[in-house]
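Engineer: Letter by letter, the chains look like this.
There are 4 protein chains.
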Amino acid sequence: MFSLALNFDRFGPQKGLWGNRFNPIHTMLATGTDAVAGNQDEGGLRYADDMVSLPLQCGTQWDALGHIFYDDKMWNGYDARLVDSDGAQKNGIEKVKDKMVGRGVLLDVARQFGVDHFEDGTAITNEDLDVTAQAQGVEIRQGDFVIVRTGHMGHCLREDEWGGYAGGEAPGLAFETADWIHAKRIAAICTDTWGCEVRPNETDQASQPWHWVVIPMIGISMGEIFFLEELADDCAADGVFEFFFCAPPLPVTKAVGSPLNPIAVK
Amino acid sequence: MFSLALNFDRFGPQKGLWGNRFNPIHTMLATGTDAVAGNQDEGGLRYADDMVSLPLQCGTQWDALGHIFYDDKMWNGYDARLVDSDGAQKNGIEKVKDKMVGRGVLLDVARQFGVDHFEDGTAITNEDLDVTAQAQGVEIRQGDFVIVRTGHMGHCLREDEWGGYAGGEAPGLAFETADWIHAKRIAAICTDTWGCEVRPNETDQASQPWHWVVIPMIGISMGEIFFLEELADDCAADGVFEFFFCAPPLPVTKAVGSPLNPIAVK
Amino acid sequence: MFSLALNFDRFGPQKGLWGNRFNPIHTMLATGTDAVAGNQDEGGLRYADDMVSLPLQCGTQWDALGHIFYDDKMWNGYDARLVDSDGAQKNGIEKVKDKMVGRGVLLDVARQFGVDHFEDGTAITNEDLDVTAQAQGVEIRQGDFVIVRTGHMGHCLREDEWGGYAGGEAPGLAFETADWIHAKRIAAICTDTWGCEVRPNETDQASQPWHWVVIPMIGISMGEIFFLEELADDCAADGVFEFFFCAPPLPVTKAVGSPLNPIAVK
Amino acid sequence: MFSLALNFDRFGPQKGLWGNRFNPIHTMLATGTDAVAGNQDEGGLRYADDMVSLPLQCGTQWDALGHIFYDDKMWNGYDARLVDSDGAQKNGIEKVKDKMVGRGVLLDVARQFGVDHFEDGTAITNEDLDVTAQAQGVEIRQGDFVIVRTGHMGHCLREDEWGGYAGGEAPGLAFETADWIHAKRIAAICTDTWGCEVRPNETDQASQPWHWVVIPMIGISMGEIFFLEELADDCAADGVFEFFFCAPPLPVTKAVGSPLNPIAVK
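Residue numbers (our numbering), protein chains in the order written: chain A, 4 to 269; chain B, 4 to 269; chain C, 4 to 269; chain D, 4 to 269.
It should be emphasised that the hints constitute simulated quantities derived from the structure, not laboratory data. Please note: incorrect hints may appear among the correct ones.
A pair holds if it fits inside one copy or across any two, identical chains being indistinguishable in the list.
Simulated crosslink set (DSS-like; lysine-lysine; CA at most 27 angstroms straight-line) [stated by the list, open to error]: (1) K269 to K18; (2) K76 to K187; (3) K76 to K18; (4) K187 to K93; (5) K98 to K18; (6) K269 to K102; (7) K18 to K102; (8) K76 to K102; (9) K98 to K187; (10) K98 to K76; (11) K187 to K102.
Pulled out of the complex, with its shape left as it was, chain A reads as follows (with noise of 0.2 angstroms):
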């Protein structure tokens, strides 16, 4: 069993790099130090409660398909501005509540090139999906939840230090794999960095141009920021790169993120 997730605390990646992301905050409500002082004894029960508060995309989490337009539209040709300041009215994480089950593979592709994590700016290619997939002996098939690894978290987390990683450069999926992703009818695809794709990006003409195609045209959700160093040491030492894997988002009414917590049964 395997937890793909961050914890989620104030010490996470957000640096204040892009958009008004924080690190979660976390309250509390009532405390045993209250209690032990006898501040709750009136109420006849000793405990504690706490509240968080935090953007729904800060942490390891899933796009919601109202996430990312194209020109005005959003999957399925809804209009965007179904999406406002009540949320998004089409497309909203808690459509796919029951979804995000399924089979899982592990594309460990920066173990399969033989380095601790890829450089910043280094595109990952169909190819490399393709030799990696080979390599491990894991067949991609319609409906997984393809899980790509280019260790770029592992790295920030032995380095201690997160840098650029929520919103700076880093390495990951190239353009044309969105393609790839089409053509092999995955249910989500998902990586162990803040974006899934390669930053600096292949082009200056758009920022962040492979979620423009698969958000709102190929209509696949993505995982990011997943953590999967334990799992893929796991899959390294027994060869088996392909797991039963849940990943239920959180479902907020109307929101287009999720934080969540993966699971990977081996």
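For this one, chain A is given, so just place chains B, C and D on it according to the hints.
Structural biologist: Leaving out everything else, chains B, C and D in the frame of chain A:
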């Protein structure tokens, strides 16, 4: 595939009856209306983004082992004062991030007793649990996730009125079921009510006495506010009351509870 | 010295009747119970610390000029789309951070008309305002902060029940008072109600029509949810209805409103 | 008229150096882009609305008397454990909601000593305060709000870099000034630094020792992170270092601090 989670939104069950808990507050950090208005064009990407603030136990949830104290101790004998404003230094929910997966068993006690839902104050006894398991033809084994249906949530949803669901009166487990739980050596106990145990409690000498025993003494988590209507209908239809159960908590570091989306796979 | 603010806490008037507004959520980041438990001793300082989350217009407040639009424009002809998820690029509350100070005048219309409070739906007219000013012996001058008392808040506080105070029916200013406000060239208009203008509105062709005029066309701020009971008693006692008024907004950058603590010095 | 507040936004001084404090998070509940997109037309009103989450002491602030403890006591001998997860039952900021108004005096020590700003670690002594007051021709009287300028904030603003401003090293008041404050019987002491007192502190036997004395023993509030550059220039220009000072806290119930917008009227 069944999701056992309520959606998380401002129409949830919290009405301020207990503690400081409130319903989730979902707000947008970027929207499709901004995108179509051209306000994001400088960045070269059209997207929506969002955040949420929520008590960790406002909806479908796990209690962590640091949630309830007996006198000045929590599970495993740790000092309750290790849960302070900085969170739970021991028994935080993140410690079980890869543990909440296993065999699930539904005990649909309400259906077994021929009621739409039990009335508030109805205590479900050990015998009720045993009778239900036997009638359903399902065995409780060590390590199971046992899920008890009272019909309470379904009734509220059908009435479209939460009323006292969160913190008011409710049907639920009798105090004696703590013995049953301990004897069966189950992994966790879950219900479709706010707080598992019957309310009003069976004594007025303590508030939530069953909690005092189950969490700090027996050391198991309880799942609360589970949505069981669809799963229960399916189990009644095919006569199979066991399933694969995958209920990963959101690993908020040092948290004493977690919102979640439990999945039952039949 | 009179504070015209309600305290900000979870017992405030918001009941979910209008928009997404909620009462303030005040949580602690460090406590005296932690301190006395010794949990802070490593840091060498015993302290408490806290945070709050609140809609900027949940309690005693200023509306900023970016709060209301007429068609697709806001005050000064700016495009309403300049207020997006990133806040108000024009007409934000921080622009008036040093402007909300001057001569204050109380028009205690309820007292003048011999009522504890006006009934919901009572429209206060231009003549009512003039009659009250004359009876109280106070002149309205250019640049004044005019504060109108309906008794609505006092009634709710005495009944200990907010009911429909926030977003429901209320006494308030007639639509025609927009003319009075414009002619008098006052600095701002404030009341002890949720939204200044009478509700139900005097038309069903628009919601809050007086707001459409006063903010985007006349360009003045309105103060709402002002606590006037103590000030009004004092003014009635000494017959002096004018005072020094100091009501600095909290300058949240690009905000369209601000909670505040207005001070009247007599 | 001078506002002595920094704007509250995500570009504030908090960098995670001390405690769990973070910069304000301002999010929108409704926007002009939604309005112009027609998404609000059903409601009949075009508007924007917003919320903020912030530590009460993240920016320009008052410390409440419940903020600092000496041993297990706070000001007036109250047990520190009266400040728990539910807030400060005694010495909360709301108790002084109508008290923070009076005569203000600026002691521009940096200017008096001919420096743009004092270096980190510079301790301002009683003699420094007296010399400055005398040179400026201003008398300190009982009940005054005394505001000391070190130049620290102005330096950060000019450099456009907060660096260690919040929780790092800083110039500030020497420990002995607690005596000066007590003897002068002033109403409050304010500075343009994060924490009033010099950092590194003059001892390593306690953290923030001056706080231990000034809040729980002398019982006065301190104002911190005050923006003094414009006021100081004006005082230097006209030689008048006294003014009407109106600094109402935001009365968050049971809070141990408050963000605010202090106003100086000359």
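Engineer: Take the hints in turn and mark each one as holding or not.
Structural biologist: Cross-check of the supplied hints:
1. K269 to K18: neither (34 angstroms within a copy, 41 angstroms between copies)
2. K76 to K187: within (24 angstroms within a copy, 49 angstroms between copies)
3. K76 to K18: Classified as neither: same-chain Cα gap 30 angstroms, cross-chain 35 angstroms, threshold 27 angstroms.
4. K187 to K93: Answer is within; shortest intra-copy Cα gap is 26 angstroms, inter-copy 45 angstroms.
5. K98 to K18: between (30 angstroms within a copy, 26 angstroms between copies)
6. K269 to K102: both (20 angstroms within a copy, 14 angstroms between copies)
7. K18 to K102: So K18 and K102 fail the 27 angstroms test inside a copy (32 angstroms) and across (31 angstroms) alike.
8. K76 to K102: within (23 angstroms within a copy, 41 angstroms between copies)
9. K98 to K187: Only inside one copy: K98 and K187 sit 23 angstroms apart there, 37 angstroms across copies, limit 27 angstroms.
10. K98 to K76: within (18 angstroms within a copy, 36 angstroms between copies)
11. K187 to K102: Classified as within: same-chain Cα gap 18 angstroms, cross-chain 32 angstroms, threshold 27 angstroms.
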